[in-house]
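> Quick note, the sequences are listed as chains P and B, same order.
Here the numbering used here is used: the first residue of the first sequence is 472, the next is one more, and so on.
Here the numbering used here is used: the first residue of the second sequence is 16, the next is one more, and so on.
Don't read these hints as lab results, they were simulated from the structure.
Glycine included, C-beta positions come from ideal geometry on N, C-alpha and C.
The reader is advised that the hints may include incorrect statements.
Below are the SDA-like pairs computed for lysine to any residue, each with C-alpha atoms no more than 25 Å apart in a straight line [to be verified]:
1) P:Lys614 to P:Ser544
2) B:Lys168 to B:Ser30
3) P:Lys614 to B:Phe45
4) P:Lys579 to B:Thr76
A partial selection of chain B residues facing chain P, derived with a Cβ cut-off under 7 Å [stated by the list, open to error]:
5) Pro51
6) Arg110
7) Leu132
These are the residues of each chain, in order.
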Amino acid sequence: MSSRSRKRAARFDPLHIRWPLWIVSGSAILFLIAPVLLLIPMSLGSAEIIEFPPSKIGLDQYRKFFNHPAWQSAVLNSLQVSVMTAVFSTFLGLLASLGLVWGRFKGKGLINAFIISPMIVPLIVMALAFYISLAKFGLLGTKLGLVLAYTPLTLPFSVLPISATLRGFDRSLEHAARILGASRFQTFTKVTFPIIRPGVFTGAIFAFMIAFDEVVIALFICGSTAVTLPKKMWDVIRYEIEPMLPAISTLLLLLAALILVLVGLLQRRVARRMTVG
Amino acid sequence: MHYKSTTSSLWHRQSFRQLILVVPALLALFLLFIYPISSILIKSLFSPDFTLKHYLYFFKTPLYSRVLWITFQISVLSTLSALIVGYPIAYVLRRAKPGIRNFFLLAITLSFMISLLVRNYSWIIVLQRSGVVNTVLTYLGLVDSPLKLLHNKFGVMVGMTHIFVPYIVFPIYSVMMGIDLNLEKAAQNLGATRWQTFWRVSFPLSLPGIGAGALLVFIMALGFFITPALLGGRKEQMISNLIQIQVVDLLNWPFASALSVILLLATLVVFAIYNRYLGVERLWGGLKT
Chain P
472 MSSRSRKRAA RFDPLHIRWP LWIVSGSAIL FLIAPVLLLI PMSLGSAEII EFPPSKIGLD
532 QYRKFFNHPA WQSAVLNSLQ VSVMTAVFST FLGLLASLGL VWGRFKGKGL INAFIISPMI
592 VPLIVMALAF YISLAKFGLL GTKLGLVLAY TPLTLPFSVL PISATLRGFD RSLEHAARIL
652 GASRFQTFTK VTFPIIRPGV FTGAIFAFMI AFDEVVIALF ICGSTAVTLP KKMWDVIRYE
712 IEPMLPAIST LLLLLAALIL VLVGLLQRRV ARRMTVG
Chain B
16 MHYKSTTSSL WHRQSFRQLI LVVPALLALF LLFIYPISSI LIKSLFSPDF TLKHYLYFFK
76 TPLYSRVLWI TFQISVLSTL SALIVGYPIA YVLRRAKPGI RNFFLLAITL SFMISLLVRN
136 YSWIIVLQRS GVVNTVLTYL GLVDSPLKLL HNKFGVMVGM THIFVPYIVF PIYSVMMGID
196 LNLEKAAQNL GATRWQTFWR VSFPLSLPGI GAGALLVFIM ALGFFITPAL LGGRKEQMIS
256 NLIQIQVVDL LNWPFASALS VILLLATLVV FAIYNRYLGV ERLWGGLKT
């Protein structure tokens with residue numbers, strides 16, 4: 472070995488990142504984030520066509536979006552469907568997590584695997600499966616149909632954060648409450664639930680987000696009577712040039728950022744409550 | 016504690032009460048997951064008598080074998096390219112100072128949270144004929160006529176890689192966090208060069224993360240629908256797109272059902288490999304990060 476390479480080896484620090492790697496990883500991050508951020512300036516254009524760079528600057532596209540009845544009803548439908556899905560899936564997920572994390576019965580692992588299995592089934596398969604079975608009950612083109620389809624899909628994502636929170640919960644608090652005379656129900660509503668609440672909210676937010684963004688199942692189920700926001704966006708992206716789209720995308724970008732902050736705050740609260748408890 | 020096994024004391028048994036809590040979720044899954052999935056299985060096999068003709072038709076028609084091959088090809092390629100983009104990010108995340116690490120994590124998580132449609136749409140804006148890339152290239156005089164970057168394999172690869180990178184980064188990063196960096200120091204002290212240290216120490220130790228991320232992404236890619244539909248051309252249509260065309264345009268439900276069963280089986284096979292070598296828990300771990 473030459474003396475030069477020996478010297479270099481002696482100076483080696485595993486935490487040192489050399490410049491070529493900075494360039495590679497920096498470009499990778501840019502690749503992830505730049506195209507989406509580019510939509511923000513694009514949304515400020517006022518022209519009837521989408522141009523880069525926009526020639527006239529203004530908030531026209533946002534104004535148009537908020538005053539457009541078809542888009543309004545799509546947003547409303549999406550909100551209704553996603554909130555209902557989040558409620559169902561969080562309720563089922565909370566009960567199941569309580570049973571699965573604290574329970575001692577046979578087949579727990581199997582039930583666990585069953586609950587997260589909708590995660591690995593391709594969406595298009597779920598979409599066709601629901602298309603065929605909802606048709607039998609006349610539920611195609613209804614919001615209820617969408618909620619029913621989204622409930623199993625979002626269940627794993629509400630169970631994950633809820634059971635993670637439950638695993639860190641100190642059950643001696645419950646025993647203390649019981650010894651002090653609280654009923655089983657009171658113990659849950661006054662002691663357990665307030666402590667695990669941030670985890671439950673996180674689960675609900677995940678379920679909401681997935682339902683709010685889902686398009687593949689929506690394509691099959693929505694019909695023309697229960698059009699959700701992603702379905703409407705899909706039609707527009709696919710078949711026409713719509714200058715409002717960058718503005719709508721920017722709003723969705725802001726929603727994602729908002730939810731990121733919200734989940735971050737909730738996670739911090741989970742951590743704090745666990746250490747205090 | 017001993018209880019008599021009457022109904023009332025069954026309620027007092029803890030394990031029974033806990034099992035009861037799981038029942039609503041199980042009922043919902045049987046009704047809203049198992050039942051719909053079995054209805055496509057039945058639709059693909061009975062019309063109305065038992066028949067395998069839809070499956071035979073699929074495997075006999077050269078056009079469909081081609082779709083299967085393209086599905087496989089795009090899934091492998093997009094998994095590889097997501098690895099190439101994602102691995103350096105994970106490597107830097109492990110070593111960077113908290114400030115930069117947090118900035119990187121924020122960027123990845125934000126990209127991960129943004130609507131799939133928006134992410135694909137942003138690439139249409141960037142790659143289309145009058146898009147950002149072509150505008151810049153023409154302005155700089157690097158090309159005479161706009162490049163065709165959309166509705167071909169390139170467009171699909173870019174769009175899918177963009178979506179899969181976070182799924183690659185998180186598992187690799189979490190495996191890397193468990194690696195003792197002193198091992199690298201030791202290798203260097205024993206005379207290894209940087210490259211040798213990387214290929215003989217750091218890289219092999221991160222393999223479980225690579226395996227977990229790659230298989231997860233491959234499973235997702237097999238059934239991917241949105242990106243090939245929006246960014247691909249006619250030649251890049253995957254099996255999911257074929258299913259949609261069969262249902263929406265041709266109203267051929269039994270054949271679409273057979274296609275779905277084939278796709279589901281392929282996914283389950285890959286998942287079984289995943290489970291055999293990595294365990295289901297990794298799916299959870301990858302998401303918790």
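> All hints are to be evaluated individually against the structure, with a verdict given for each.
Now for the hints, and whether the structure bears them out:
| no. | hint | verdict |
| --- | --- | --- |
| 1 | P:Lys614 to P:Ser544 | 12 Å, holds |
| 2 | B:Lys168 to B:Ser30 | 54 Å, violated |
| 3 | P:Lys614 to B:Phe45 | 21 Å, holds |
| 4 | P:Lys579 to B:Thr76 | 44 Å, violated |
| 5 | Pro51 | 4 Å, holds |
| 6 | Arg110 | 5 Å, holds |
| 7 | Leu132 | 5 Å, holds |
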